[in-house]
Amino acid sequence: MMPPHLPPGSLIRAIEVIAILVGAFSGFIEARRKRMDLVGVFTVAFITAFGGGTLRDILLDKRPLFWVAHQEYAILTFVLALIAAPLIRTLRQIVSERLIVIADAIGLGLFAIAGVSEALRAGMPLFIASMMGVITGIFGGVLRDIVCNEVPMVLRDGKPYAICAFIGCWLYLAQKHFGVAADVALWTSATAITVMRLLTWKFDMRLGR
Amino acid sequence: MMPPHLPPGSLIRAIEVIAILVGAFSGFIEARRKRMDLVGVFTVAFITAFGGGTLRDILLDKRPLFWVAHQEYAILTFVLALIAAPLIRTLRQIVSERLIVIADAIGLGLFAIAGVSEALRAGMPLFIASMMGVITGIFGGVLRDIVCNEVPMVLRDGKPYAICAFIGCWLYLAQKHFGVAADVALWTSATAITVMRLLTWKFDMRLGR
Amino acid sequence: MMPPHLPPGSLIRAIEVIAILVGAFSGFIEARRKRMDLVGVFTVAFITAFGGGTLRDILLDKRPLFWVAHQEYAILTFVLALIAAPLIRTLRQIVSERLIVIADAIGLGLFAIAGVSEALRAGMPLFIASMMGVITGIFGGVLRDIVCNEVPMVLRDGKPYAICAFIGCWLYLAQKHFGVAADVALWTSATAITVMRLLTWKFDMRLGR
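Protein chains in written order, with the UniProt record's numbering: chain X, 1 to 209; chain C, 1 to 209; chain Y, 1 to 209.
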């Protein structure tokens, strides 16, 4: 799900791994809350971390899938599930909610912009590209909640999570339209999503119903 | 999801838009019943309106997807979600259940026949083609109910909804087999589905369990 | 989902039909427990029998799907749903749980090894191939439970079901690596999965949580 035109620098790779870890970790927690076993913990973590990008690639008919081309991420999730399953209570005490929200906000920004940029490269029209960005950012969590037999949190909690991704995607599309360099557009938009998400979380903003 | 060999007349376009609106509207109502927020209302409406055709196209490996090639339908659903979310109670009073059922029956006929004709053009065997017709007609609602954490209504209420689509698809296949002109086969079959659905609804028929 | 390099002998065809029947049968039972109608019984049976292989083929972008190329299996499921729906109570008394578990264990082995071998032929890396094997073996049941609005049994019951498939897939991969003949690798691995599953079932083994 990493945008292919990013330089393969260690910072980006680190952020990418963090984003996947955060997705997997939120899957671990939800799977344990549902009293799932090791297989469930791995499956739900995997779906949470890779579900959004996989759905986007299926809709765009793009292969190989991200986690197929990079099996090291699937193996990482598997090893983590083996380690995390017995340690999950301890992990939840060590890792504060604040840290999870911050890492998740970084992941949301990175994945959403990777999604919109991928869709644009595949020749999608603008609105569809912005939808693909949001799908990449949020559908891991939606699929996690469906497998865990819950109404997806992101669709009902009234917090501007998907909206932040949506606005950031349009910021990216606008910059591309006005000829801003790809890398600048990418980093400013991803950062904007992360900042928006953190601000709306800090001030506990809600959408009207 | 519109059959490509239909003349692009304004009547067909109008019916198509109505069918999508009806799908989206049933998504709105279900999303609100689940107390979802704006993001949920849009997502569920979108899945209800486009889910059946999208699943069919993924199974047939056909791209671009209908709503990707015609982003105006996605935008329409988005604008409607913005407008509808605060107005949903008023809308439910204005739009009678009778009107919804009639529009939905028209949509069922049109989508099912579009599905079977699309599958036939893709070289599917007959029984598979009829299944693709039914999937196109009913899976929007199935996916809507899964996201809303319900056992899908169409699979449990005992009303002959999918059955009407199934019979109509075979009526279409039979007419194609006997050399009836494509347009005649299409319209008579779609109409047959709509009429069957409305009759079984009016007389409250049930399948045996 | 049948491995293409298997000789088309009557034994294999018989096992394949049995595996599909078992999948469909478990779908029948679950659909009836949820008080679904005929449409639901067919849909859930179909998803249970073909869901795992379909998901694998979508992830691998392989077409036509197994049940599209062999519509006789879809028709068989349809006819069975027609017959089984009214007879389900009687059937549950005739068919003992022991028989279901044995047939299901045979199906698990066959489908998992078919999945891993298919993925390997599509050029997947080893860990991904093993995941595809497990997905082929277990995701029919996962999708069945999602449609039936349950937390998927295989993800939560703590029984080593997916684990047996996973170990067997690696047994297959190891044999391929060491140059064992394809047929030998296939049959020994599938048998190993079936035996492991039956042993862990007989001795009621659990994974730790």
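The reader is advised that the hints may include incorrect statements.
Identical copies look the same in the list; a pair holds intra-copy or inter-copy alike.
Under the rule of at most 20 Å between Cα atoms (straight-line distance), these lysine to any residue pairs were calculated in the SDA-like manner [claimed, not checked]: (1) K159 <-> R32; (2) K202 <-> L76; (3) K202 <-> I83; (4) K34 <-> K159; (5) K202 <-> L55; (6) K34 <-> E150; (7) K34 <-> I102; (8) K62 <-> V95.
Quick caveat, the hints were computed from the structure, so don't treat them as lab data.
Here is how each hint holds up against the structure:
1. K159 <-> R32: between (24 Å within a copy, 16 Å between copies)
2. K202 <-> L76: The answer is neither: 31 Å in one copy and 33 Å across copies each exceed 20 Å.
3. K202 <-> I83: neither (32 Å within a copy, 28 Å between copies)
4. K34 <-> K159: between (23 Å within a copy, 16 Å between copies)
5. K202 <-> L55: Neither: 30 Å inside a chain and 39 Å across chains, both beyond 20 Å.
6. K34 <-> E150: Both: 10 Å inside a copy, 11 Å across copies.
7. K34 <-> I102: Close neither inside one copy (24 Å) nor across copies (29 Å); limit 20 Å.
8. K62 <-> V95: neither (35 Å within a copy, 41 Å between copies)
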